[in-house]
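Line by line, the protein sequences give chains A and B. Offset between the first sequence (1-based) and my numbering: plus 5. Offset between the second sequence (1-based) and my numbering: plus 5.
Check each hint, because a few of them may be wrong.
One copy or two, either will do: identical chains are not told apart, so a pair holds if it fits within one copy or between any two.
[To be verified] DSSO-like mimics (lysine-lysine), calculated; alpha carbons at most 30 Å apart, straight line:
#1 K126 - K145
#2 K92 - K54
#3 K92 - K126
#4 K29 - K83
#5 K126 - K191
#6 K145 - K191
#7 K92 - K191
#8 K54 - K29
#9 K145 - K54
#10 K83 - K54
#11 K191 - K54
#12 K92 - K29
#13 K126 - K29
#14 K83 - K145
Think of the hints as simulated: they come from the structure by calculation, not from any bench. Please read these numbers as outputs of a predicted model, since none were measured by experiment.
Number of protein chains: 2
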Amino acid sequence: MSLIVYGGSVSPFVRKVRVVLIEKGIDYRLDQVNPFTPPPEFLAISPLKRIPVLRDTDQPEPNTLPDSSVICDYLEHKYPEPPLYPKGAFDRARALWFEEYADSAVAETIGRGLFFERIVKRMLRQEPDEEVCTRTLTQKIPPLFDYLEREIGTHQFFVGERFSIADIAVGSMFVNFDHAGEVPSKQRWPQLSAYIARVHARPSFAALLDEERSVIARFRAA
Amino acid sequence: MSLIVYGGSVSPFVRKVRVVLIEKGIDYRLDQVNPFTPPPEFLAISPLKRIPVLRDTDQPEPNTLPDSSVICDYLEHKYPEPPLYPKGAFDRARALWFEEYADSAVAETIGRGLFFERIVKRMLRQEPDEEVCTRTLTQKIPPLFDYLEREIGTHQFFVGERFSIADIAVGSMFVNFDHAGEVPSKQRWPQLSAYIARVHARPSFAALLDEERSVIARFRAA
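Please take these sequences and the hints and turn them into a complete structure.
Okay, structure coming up:
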């Protein structure tokens with residue numbers, strides 16, 4: 006086994022990489038790294054102190070790559086089947102755009118504004134600030150989800166006729182929304198809500214959801 | 006001419022796209038958009054209100070793509086020559102990593118901590134806060150530049166033997182450092198300092214530097 010993923014399993018960015026690996030049927034090992042107390046050897050391979058980092062022992066050293074988007078691109082080029090990036094230049098770029106949208110605005114809003122308050126703070130034995138969560142849910146999330154609702158419309162996937170990195174990134178961020186005890190409103194975002202349920206029912210996502218929920222349950226109940 | 010770039014010429018992200026276009030010899034039009042007072046038709050094509058956005062009128066509508074990294078990837082796939090991304094999967098991923106490093110940590114530190122204070126505030130008829138600039142220069146920048154110094158070492162380019170998107174992204178961020186009246190110290194970062202001078206001397210960068218300096222000069226002197 007040549008691939009090691011360093012990171013915590015409830016990170017949406019670690020999950021993106023794991024879904025790509027599962028979808029491509031590639032064997033790997035997950036080495037848990039807590040981003041709040043990273044060991045020095047992790048800091049040496051992650052200049053921005055972020056998870057995940059991939060190590061490929063097939064490569065000469067330095068054989069590590071930080072950043073989930075970089076790692077997913079690498080896996081696609083090293084293991085092209087099944088393809089997880091659209092073929093045409095414009096469709097490919099649109100998929101990268103949805104990945105960026107999920108990884109930046111959606112991740113930050115759900116991550117800091119909900120998941121951090123309700124789950125990470127409990128891990129750190131702190132109290133969630135429900136006012137922050139309410140502001141996130143009522144003010145910050147609606148324009149983001151409105152955009153995704155318009156873009157998914159009646160399509161099966163965000164780009165073209167195939168599951169792609171766009172769906173992996175968006176789907177991954179919504180797992181943290183789920184962990185924080187929320188689902189997108191079926192009334193306000195019917196298409197997005199049905200789409201997220203479809204993506205999370207895929208075997209790749211379903212396996213990780215099962216595994217992660219047992220971790221999360223301990224802190225939800227705490 | 007089928008390509009329109011929307012954005013302001015002193016943005017490092019707009020510059021990345023323009024350097025790619027110039028290096029590939031592709032004709033385009035720049036439509037100036039001030040990101041502080043964007044018109045409604047711009048907001049419709051830029052969900053995160055960021056510049057640049059590319060329009061390709063060869064494509065059916067919606068024919069726009071936001072995000073500099075997405076746009077550069079699109080241009081590489083539509084116009085492969087000369088290649089600006091390394092060929093091998095691992096080298097390619099390393100180039101994407103340096104692009105991400107430049108676009109996130111370096112851009113934010115130079116952008117908010119220097120360029121915004123010294124140039125953008127003058128454009129907005131506000132006074133720069135030199136304490137912010139000092140903190141940026143003495144505390145935030147050194148670890149970032151130390152990393153780049155180690156990585157460039159005695160190499161000509163960040164990845165392999167060719168100029169790539171890594172050099173375009175890093176080089177672009179250092180134009181804003183230059184606009185803010187700074188150059189990397191030759192004593193502390195000799196390799197990085199020589200590297201930046203080489204990159205900025207390329208015809209693509211040199212042409213944009215000339216054009217931009219005349220814009221910046223008006224605000225520096227103000």
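Hints, verified against the model:
1. K126 - K145: both (20 Å within a copy, 27 Å between copies)
2. K92 - K54: Intra 33 Å, inter 28 Å, cutoff 30 Å: inter-copy only.
3. K92 - K126: neither (42 Å within a copy, 43 Å between copies)
4. K29 - K83: both (11 Å within a copy, 26 Å between copies)
5. K126 - K191: within (28 Å within a copy, 44 Å between copies)
6. K145 - K191: Cα proximity of K145 and K191: one copy only (18 Å, versus 45 Å across).
7. K92 - K191: Answer is neither: 32 Å inside a copy and 45 Å across each miss the 30 Å cutoff.
8. K54 - K29: within (27 Å within a copy, 35 Å between copies)
9. K145 - K54: Answer is both: 26 Å inside a copy and 15 Å across each meet the 30 Å cutoff.
10. K83 - K54: within (25 Å within a copy, 34 Å between copies)
11. K191 - K54: between (37 Å within a copy, 27 Å between copies)
12. K92 - K29: Close inside one copy (17 Å) and across copies (22 Å); limit 30 Å.
13. K126 - K29: neither (34 Å within a copy, 49 Å between copies)
14. K83 - K145: Classified as neither: same-chain Cα gap 38 Å, cross-chain 36 Å, threshold 30 Å.
Hints 3, 7, 13, 14 from the earlier list are contradicted by this structure; the remaining hints agree with it.
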